[in-house]
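Both chains are sitting in their own frames, so use the hints and assemble them into the complex.
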Amino acid sequence: MSRFVVRVMPRDVILDVQGRTVQETLARLGTDVTSLRVGKSIEIEVTESGEAAIQKVQKIAQTLLYNPLLEVFEVRQVMEGGEERLC
Amino acid sequence: MLGNSSTHSRKGTSSKPVGVVRFPGTNCDRDVVSWMQASGRSWQWLWWMDSFSVAEFDSVIVPGGFSFGDYLRSGALAARSPVIRSVWEFAGRGGPVLGICNGFQILTEAGLLPGALAKNVSGRFVDAWVDLEVEAAPSFVQQKRGEVFRLPVAHGDGRFYADPTELARIEDRGLVWLRYKGRNPNGSALAIAGVKNESGNVAALMPHPERAIWDWMGGVDGKRFLPGVLGSADHSGNVATYVTTSDGGAIE
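Residue numbers (my numbering), protein chains in the order written: chain A, 1 to 87; chain B, 1 to 252.
Label pairs and their in silico Cβ distance ranges:
id : chain 1 : residue 1 : chain 2 : residue 2 : range
1  : A       : Val5      : B       : Ser122    : 28 to 34 Å
2  : B       : Glu133    : A       : Asp32     : 41 to 47 Å
3  : B       : Asp172    : A       : Val46     : 42 to 48 Å
4  : B       : Arg173    : A       : Leu36     : 33 to 39 Å
Calculated directly from the structure, the hints in this document are not laboratory data.
In this text the structure is predicted, and so the values were computed from the model without any measurement.
C-beta atoms are modelled at their ideal positions from N, C-alpha and C, and glycine is treated no differently.
Here chain B stands alone, though its shape is the one from the complex (with noise of 0.2 Å):
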């Protein structure tokens, strides 16, 4: 099934497919498909040495796992593959984009989102259970100020973290999607659980929503979290980028 570019459709609800990137060491790609699919909406994968043509989906999403055995550091490889030069240039015409735990680090790896994901403060892998307030919805989803959700946790590197300028940057702006309410789970910066860009269609977060689905998971909030998963794409306007410039980050 590795690199199939076949698409799925369960009942066709949508022209365009919903494209799941591939990386070795993905390992959330057919929960996130099994989602798609009990939301009645079209799929593709997408492999990690492949580019593939914008125009043909409806949004991206980045699973969790651990591309690329988390090796030098979280999602550092990952983002720098053929695949994540597709989904740079489907964000900057609009196109909507969602990044799942290790998604999350390969996003901000990519420079797509601001911030950074360190290791636990704990020092430990955190499985859990959250609450999530959301703060300000990303574009494509339906989400109002305030809500609840219940979603489980599962990562070593979830920590939110930018210096406090970028931090009070990302406050300012609006940029943050999530919070942790009550517990948080791994030390992130002011309880950060998901951030978006500027334009509010790059977006992602730590927690996992397709693992809370049916009843037998434990909840079924990540049901309700992204209803009929993610919106029609709107292929213009330009995406804001987060690379950071390298110097200044040597040793003196």
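Chain A with its partners taken away, still in its complex shape (with noise of 0.2 Å):
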């Protein structure tokens, strides 16, 4: 079994409207930040290892997780112990 988190966050180019409300509020809190965006974090388990593995998560986020035109994406491994590895 290998698990995943497939990170998708919006693209440079686009305006996160969210990222800008919170940074707004943190602000209106009284703490500045310089940039703050907003994404989604999706963990994912599957029965496979090894490469295959990686290339079912890959495939699953550019079929559904993600749409290229708005966002952009990667793959980590998370391996025994917690540790992340970028695929």
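Next comes the structure, spelled out in structure tokens:
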């Protein structure tokens, strides 16, 4: 069994409305940050291991989890002990 | 009534019904059916889990709402459902397909229309009456260039987006159906409110013509928006598609 985290983020050219609103709220609460963007994190477990597992999750991400016009994604494998490795 | 397969006809003016697609979370389906009834068109529900026989329908409407709760992205889950596979086949044979609001989001996610619908620039859900100007009507719609309609919008993700190259292609190929005239309620690129495919038989818009049929609704432009609703299907020809290749999207 293999565990993965797929991170989906809005493309830089897309105005990240959620990120802007959170950043504005932080500023109103007295904390300024220079940048803040909101994306999604999707945790996936598959029975496969090794390259087959990575291929499967990459395909899942490409066919459903992100819209290439609006978003970018990365796949990270969660290793034993919780360390994440970029695929 | 969900998944009801019988055909409903008031006046029986068309031999084939208009298919009205329903997903969990679709909420403009009955409004669309009222519009069909007011226009004297026969209609039939198309349930999302079912495929349908494409030769048996005059046209297909994908109504608005919040299919699958807008989970993941607006329209993303609905676009990958069995009924949309049939819509693909129907569109590929030249059948007229109209998407409204969430239906627009679904058809772009399905690759049947170019572009994508992003969150409104305002960050807010917008509920307002807007003016629309016709640029180039789809094949199944009798509208003249420059014609103006006043229709309501109600959406959170209605900002039409495409990258500059794709946007230029949409303009050059004359795929813009409608533009917002005056107020652009969501920050859409080039004020685009509706687009069509290359073949002109698949089209969608963010505003709701079915919500402007009777005086008490606040406007009646929906009635003349699609006279007779949809034309009869010419089941021939090929449909262009807009499935974007997925490489190049990974975070470096």
